[in-house]
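**Student:** This is what each chain is made of:
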Amino acid sequence: MDAIILQVLNGLDKGSAYALIALGLTLIFGTLGVVNFAHGALFMLGAFCAVTLNVILNTSYETIDPDRTDFLGNPLKVETPYIFDWFGPEVGGAMIEWSVPLAILFAIPIMVVIGLSMERGLIKYFYHRPHADQILVTFGLAIVLQEIVKYFYGANPIPTPAPAGLVGSFDFGVLLGFEPGSIIYPNWRLIYFVFAAVIIGALFAFLRFTTFGMVVRAGMADRETVGLLGINIDKRFTIMFAIAACVAGLAGVMYTPINSPNYHMGMDFLVLSFVVVVVGGMGSLAGAVAAGFLLGVLESFASMAQVVDLFPGINQIIIYLVAIIILLTRPRGLMGRKGVMED
Amino acid sequence: MSEIGKAASRRSVLKGSLAAGAAIAMPTIFTSQAKAAFLNDPGAASTVTLGFNVPQSGPYADEGADELRAYLLAVEHLNGEGDGGMMNTFSSKALKGNGILGKKVEYVTGDTQTKSDAARASAKSMIEKDGAIMITGGSSSGVAVAVQALCQEAGVIFMAGLTHSNDTTGKDKKANGFRHFFNSYMSGAALAPVLKNAYGTDRKAYHLTADYNWGYTTEEAVRTSTESMGWETVEAVKTPLAQTDFSSYITPVLQSDADVLVLNHYGGNMVNSLTNAVQFGLRDRVANGKNFEIIVPLYSRLMAKGAGANVKGIFGSTNWHWSLQDEASKAFVQSFGTKYGFPPSQAAHTCYVQALLYADAVERGGSFNPCSVVEALEGFEFDGMGNGPTLYRAEDHQCFKDVLVVKGKENPSSEFDLLEIVEVTPVAQVTYAPDHPQFAGGQLGTCNPGA
Amino acid sequence: MLGLNSKDQKLFLVVIVVTLLAPFILNPFPENSELAQFNAGYPDLMQRFAIFGIFAIGFNILFGLTGYLSFGHAAFLGVGSYAGVWMLKLLSMNVVPAIIMSVIFAGLFSLLVGFVSLRRSGIYFSILTLAFAQMSFALAYSVLTPITNGETGLQLALDDPRILGVSQIDGSIPPTNFFGLEMRDGFELALGPWVFTLNFGYYLCAVFVLGAFYLSMRIFNSPFGMMLRAIKTNQTRLPYTGMNPKPYTLAAFVISGMYAGLAGGLMVAMDPLAGAERMQWTASGEVVLMTILGGAGTLLGPLLGAGVIKYFENIFSKINDTILYEWFSFMPDGLQDVFVFLIHPFIGKGWHLTLGIMFMLVVIFLPGGVVEGGQRFMRLFKRGDKGSKSSGDAARSASPAE
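Residue numbers (this note's numbering), protein chains in the order written: chain A, 982 to 1324; chain B, 121 to 571; chain C, 242 to 643.
Rather than coming from a laboratory, the hints here were simulated on the basis of the structure.
Here the structure is a predicted model, which means the values were calculated and not measured.
Where hints are given, some of them may not hold.
[To be verified] Listed next, the in silico BS3-like pairs over lysine-lysine satisfying Cα-Cα at most 27 Å (straight line): (1) Lys-1058/A with Lys-459/B; (2) Lys-432/B with Lys-1058/A; (3) Lys-459/B with Lys-224/B; (4) Lys-316/B with Lys-459/B; (5) Lys-1319/A with Lys-487/C; (6) Lys-527/B with Lys-432/B; (7) Lys-529/B with Lys-410/B; (8) Lys-1319/A with Lys-473/C; (9) Lys-224/B with Lys-213/B; (10) Lys-527/B with Lys-1058/A; (11) Lys-527/B with Lys-316/B; (12) Lys-213/B with Lys-450/B; (13) Lys-473/C with Lys-1105/A; (14) Lys-487/C with Lys-473/C; (15) Lys-216/B with Lys-316/B; (16) Lys-291/B with Lys-316/B; (17) Lys-316/B with Lys-1058/A; (18) Lys-1058/A with Lys-529/B; (19) Lys-623/C with Lys-251/C.
[Said to hold, decoys possible] Now the in silico label distances, taken between C-beta atoms and shown as ranges: (20) Lys-1105/A with Asp-574/C: 40 to 46 Å; (21) Ala-1267/A with Arg-478/C: 28 to 34 Å; (22) Leu-352/C with Lys-1105/A: 37 to 43 Å; (23) Gly-200/B with Asp-574/C: 21 to 27 Å.
Using N, Cα and C, we set each Cβ at its ideal position, and we do this for glycine too.
Bound-form chain A, shown alone (with noise of 0.2 Å):
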């Protein structure tokens, strides 16, 4: 029993990255008819916006300490940050401590330029299209902005850890009544489950209680009704895709802890979030969450030892099996609406 609610919490840990992501894809689907294959560089993008924090934090400059040598036998440099001297110590070890934290009010204006830019600089020009060109340009725009982030910092993954205090496990047995120590969950994964809920109920509340978001819903459905309405249906959509880029990125900055960020980690989600949006069905924001969840509850399940002794692989193959599953009995997934993307 304990080893399933194990396999719950892992599944939805899974499903809030792939739903966070999922969630973007069909937003950018749904508002601009657009197939980003750069969206999952956008997850990295955000990743990197820790990682960058956390170097500028730790800008240092160099002091010679003569009475130590480094590997050659010269001098040994000695490095410390500039903001040691600045804030002393303790708060600026504090502040590189909780770099990952801070790095989101860093990433969120720097995701919102890299959106707008982007879509004002470029997919604008795609809107009409066909989705080949927009796979094309958007596949080169993903290759070219992992190429430059792994210029800058090499294909190794970097670590970028929790704040001490953030590290450690939670039991979460204790409040369900189970013996102490069976079932402890790791905090950082709880927050990120915490946060990937708060964004998403965010989102949601955004496009359901405000007039913007009633505007781009009704954009979503009828593109030229809105437009003949007189409404400057393309700019409140130039601001959607800012926010899906920025989702995106914030879904990258949290996850730098969990998994240490590497250029190539976008490419890693691309496919899968792609999988998970079809799965929900193209144009349901609803559908894409409920795939994410659903598609990492069930991935967790077929890794367990049992599920793969009786079927020898299945943990391999287990989204795509479903995914195909799903597709033959729901001809538009979970929750997909007609004539979206079926042309």
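Given chain A, work out where chains B and C should sit, using these hints.
**Tutor:** Frame of chain A, contents of chains B and C only:
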């Protein structure tokens, strides 16, 4: 900066001799393999071309970059530039710093992408287009086995880079291929006694294994050697290669009665699985009244860097480490560090050594003919390359040398100082018979000079 | 002649000449010149041009004509490769049975995948094919290791049975051959400072690529091709005319799957190894990119796209800093360093970056792919002429697929 002439290939040599004899407009037709005694024979040319085939894109690009640095250093030393590095400590004195057999060493580079297809394409272009006489490099066993087979078919020598699977010199061994790096069996054999001392003989191990060839051989090796000293293997689970989040594989460990976790992972897989394992508190766990322990059979400094503080106190094995204090290692670190500003990785070391060993074998055999090189390397005993006395065994073309057992350092003094050497396992302890079951099947065949 | 109209005849003639003379055309630079780096006329790369050309031509029959975007075509190439290697292991080193079995197996597998996937259209179809291919890749890499040899890739061994041939000759695996003609053998032709390699393997590929191209021309101009275009134009209206589009799409799917199988078979005939990465989604994506880059729905486009991408992968990745310094060696030291520094990110390990930038530039400025680039270029010279003739060409390619 440096002046390096155009790669002199077999073709340019042919062209040179032809231009002298035949009129410019007169076409001369001959089959490609009719004239030379062996493929890409440099003949009378003043230079010889080596092919450095390393991952330059994809997840192992950094490791590949370090390998390439080592090769460039080796080329410098072979050509008599720089401080000579390990050429000064190498027990064989055949190399004189005037290139190989008096021919200046030149090189071409390529990108394996850590894919067997791409690696073979790249190696083929080096052989066919650039006239490379030897191919070396690589950072995974799949690529090593694929390129080794290609070199055997084509008729050039392959000096493997980083490849740890038993199969490279086991069931997939080839006469034209040589491996200096150690292998899964050696990791298991070297780790077992250290683990016994540190953690006792009554342990229950849980294996997470990357679901591909290298993972299988490593799991088998570690299992066999730990079980023979009394450990019990409670579970061995295979994880998909593409897995990035290992949480769903780690939580069952918490549910089991295991008290040791063995991560048969490499590269990005290892960084993530170790990070996740520590995240789930396995390091602080107490099971069966003992401290829970994690083991990573194959370590590399570049990976340790990716996993950050999570590697502290975790045992593993490695082929070589820059903090070794023998003369050869010091000379290599000095020379590499002076040129690039940081210490070399084990991948860099093995690649540098392979390049030197090849050059030396050509010198001693007196010919670039692959069959002469094979003869010179088979059963070759040497020292002064950073691993103590070493034997290139004739039966399977595997190097036998000491293996390092290392541990993640508690208080690293720099970003390179992540591992500390716990024990240098003597070569006798990691030697096995050529027909050992973990290496069964496959034949070397005969050397192929490609003509 | 050959059942082609005169314009296609001309095109086919050009393709034949270019294909047969490829070893000369692709080696324009003398052997010792600085630019020899850009020569592509060595056997392996020429074979790859032809093989991926076949792959892309086949993909274009499905995608270019019907508009169905398959994201799993690499799986057919992979299945074909495995079937081919098994034939080389079990039967003989003659490539003919290997190629035939590759095509058959890929055809059967594509029939299965196509039958299921074609129940959906649009992006749902794409994801279904992607899912099948990813499953094939994941299983081939792990659970199916006994058949596929997993990560290492399926390769030949000295103790293979080869019932119609020999297991080994003097401790070596015999080379692949076409009734005795070794694929790796050939002639070298030295003309002054130029050296050209005429490789048997390449010419076998060339024969197949010409056949594949001819067949695709016939399909494009046949009533069947017309039907496929109708499916692309309006899938929903077609049934009202009393036509059932499904068998036609499935036929197109299987034909393109067999093309992929042929490519896989030729691949192992040239280089007898089949690796699982061949089936990964990136490999499927690559053929999509080749087709779009060259010009989807055009006859020549896929062939050009395949050539461009393989050229970048094999030539640009091999340029390193040393070579750069050599190129700019005529400059003063400081300037030389500046130039090397500027170009460095785009070559060698940065070849992906160059490829990505090129994708973007092509699709932004040449919506119809390389083929449209060529047409614009031609029009530049024909401007004096009446524009009617070239507009006919453009009409063919101007209906970009999706």
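**Student:** Look at each hint and say if it fits the structure.
**Tutor:** Hint by hint, here is what the structure shows:
Restraint check: the Cα-Cα separation between Lys-1058/A and Lys-459/B comes to about 18 Å, which is no more than 27 Å; the hinted pair holds. Only pairs whose Cα atoms come within 27 Å are accepted, and Lys-432/B paired with Lys-1058/A is accepted, the gap being roughly 24 Å. Our distance criterion of 27 Å between C-alpha atoms is met by Lys-459/B and Lys-224/B, whose separation comes to about 21 Å. Using a Cα cut-off of 27 Å, the hinted pair Lys-316/B and Lys-459/B is violated, with the two alpha carbons roughly 41 Å apart.
Annotation: proposed proximity of Lys-1319/A to Lys-487/C holds, straight-line Cα distance about 20 Å (limit 27 Å). With a CA separation close to 7 Å, the supplied pair Lys-527/B and Lys-432/B stays within the 27 Å bound. Distance restraint check for Lys-529/B and Lys-410/B: the Cα-Cα separation of roughly 22 Å lies within the 27 Å cut-off, and the hinted pair is therefore satisfied. Straight-line distance between C-alpha atoms of Lys-1319/A and Lys-473/C comes to about 19 Å, which keeps the hinted pair within the 27 Å bound.
At most 27 Å may separate the alpha-carbon atoms for a hinted pair to count; Lys-224/B and Lys-213/B meet this at roughly 18 Å. Restraint check for Lys-527/B and Lys-1058/A: satisfied, since their Cα atoms lie roughly 25 Å apart, inside the 27 Å limit. Taking the CA atoms of Lys-527/B and Lys-316/B, the gap is near 15 Å; set against the 27 Å cutoff, the hint holds. As the CA atoms of Lys-213/B and Lys-450/B are separated by approximately 19 Å, the hinted pair is consistent with the 27 Å bound.
The straight-line distance between the Cα atoms of Lys-473/C and Lys-1105/A is roughly 25 Å, inside the 27 Å bound, and the hint therefore holds. Taking the CA atoms of Lys-487/C and Lys-473/C, the gap is near 12 Å; set against the 27 Å cutoff, the hint holds. Of the pairs offered as hints, the one joining Lys-216/B and Lys-316/B is violated, with about 46 Å between alpha carbons and a cut-off of 27 Å exceeded. For the hint linking Lys-291/B to Lys-316/B, the alpha-carbon distance of about 30 Å lies beyond 27 Å, and the restraint is violated.
Taking the CA atoms of Lys-316/B and Lys-1058/A, the gap is near 39 Å; set against the 27 Å cutoff, the hint is violated. In summary, the hint linking Lys-1058/A to Lys-529/B is supported, as the alpha carbons are separated by about 20 Å, within the 27 Å threshold. A distance of roughly 18 Å separates the Cα atoms of Lys-623/C and Lys-251/C; the hinted pair therefore holds under the 27 Å criterion. At roughly 45 Å, the beta-carbon separation of Lys-1105/A and Asp-574/C lies within the given 40 to 46 Å, and the hint holds.
At roughly 32 Å, the beta carbons of Ala-1267/A and Arg-478/C sit within the given window of 28 to 34 Å. For Leu-352/C paired with Lys-1105/A, a C-beta distance near 42 Å keeps the hint of 37 to 43 Å intact. For the hinted restraint 21 to 27 Å between Gly-200/B and Asp-574/C, the CB-CB distance of approximately 23 Å keeps it satisfied.
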